[in-house]
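S.K.: Sequence:
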Amino acid sequence: MIAKISPMLSWLDTSEYPPKALESCFRRALIFPYHRSFALAEKCQKDAAKILKHGREAVTKVLLELKALFSRRDPFYLFNQLYIEDYLIWMQSRASAENLEQLAKNAKHIKITKASLGLDLDMLEKAALLVMEDGEMEEDADITTMEEAMKQLGIELGADGEFHSELEREMIENMENQERTPQVGITEL
738 MIAKISPMLS WLDTSEYPPK ALESCFRRAL IFPYHRSFAL AEKCQKDAAK ILKHGREAVT
798 KVLLELKALF SRRDPFYLFN QLYIEDYLIW MQSRASAENL EQLAKNAKHI KITKASLGLD
858 LDMLEKAALL VMEDGEMEED ADITTMEEAM KQLGIELGAD GEFHSELERE MIENMENQER
918 TPQVGITEL
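All letters in the sequence shown, in the order written, are residues 738 to 926 by the numbering used here.
What the hints contain is simulated information worked out from the structure, not anything from laboratory work.
Hints are all accurate, no fakes.
The calculated label-pair distances, taken between Cβ atoms and stated as ranges, are:
| # | residue 1 | residue 2 | range |
| --- | --- | --- | --- |
| 1 | Gly-855 | Gly-895 | 52 to 58 Å |
| 2 | His-901 | Glu-802 | 53 to 59 Å |
| 3 | Ala-776 | Gly-855 | 16 to 22 Å |
| 4 | Trp-748 | His-846 | 22 to 28 Å |
| 5 | Leu-806 | Gly-891 | 54 to 60 Å |
| 6 | Thr-797 | Gly-872 | 44 to 50 Å |
| 7 | Leu-777 | Gly-895 | 41 to 47 Å |
| 8 | Lys-845 | Leu-894 | 55 to 61 Å |
| 9 | Glu-822 | Gly-855 | 31 to 37 Å |
| 10 | Leu-777 | Trp-748 | 17 to 23 Å |
| 11 | Tyr-771 | Gln-889 | 38 to 44 Å |
| 12 | Val-868 | Gln-839 | 40 to 46 Å |
All values derive from a computational prediction rather than experimental measurement.
All C-beta atoms in this analysis are idealised placements derived from N, C-alpha and C, irrespective of residue type, glycine included.
When you get a sec, could you build the whole thing from the sequences and use the hints?
M.R.: See the structure below:
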């Protein structure tokens, strides 16, 4: 999932400006994963800023974990060769603490809004709320319909918490009657 959310890893899209890079990450985080949450994307932004604030060692550690993760999967090892190894070398040899600290401050203070993503999130959230409210109304109607259908089929909820039907009772009675009555075989005639 990391490769899908990162514009650089998924689409080889690099950005010179941190706000544009963050917008791309937010956009992808709200489109691709199963759990889509703007608040979660904001939390990830804060976590990334904290990692950058802790300096070269923290960033190097995360890159090494990412490299290990990518090396375990077949197509993803290419990301290591294309990007991660070069970032590791750059981080260890050329990255300055001042630049990382400034990047951390910038990343922390960049404000991404729902409107800036161009996904009409406000409209989609309102539509989702309407659908959920409509679904709750339909669920109430379904419960009544379900109860009526159970009554029509002769199904009721017993004291034991199990569903019982008239047909089931008749079948049990027939089986008990067959067990009580002796079977007359051909040899007995």
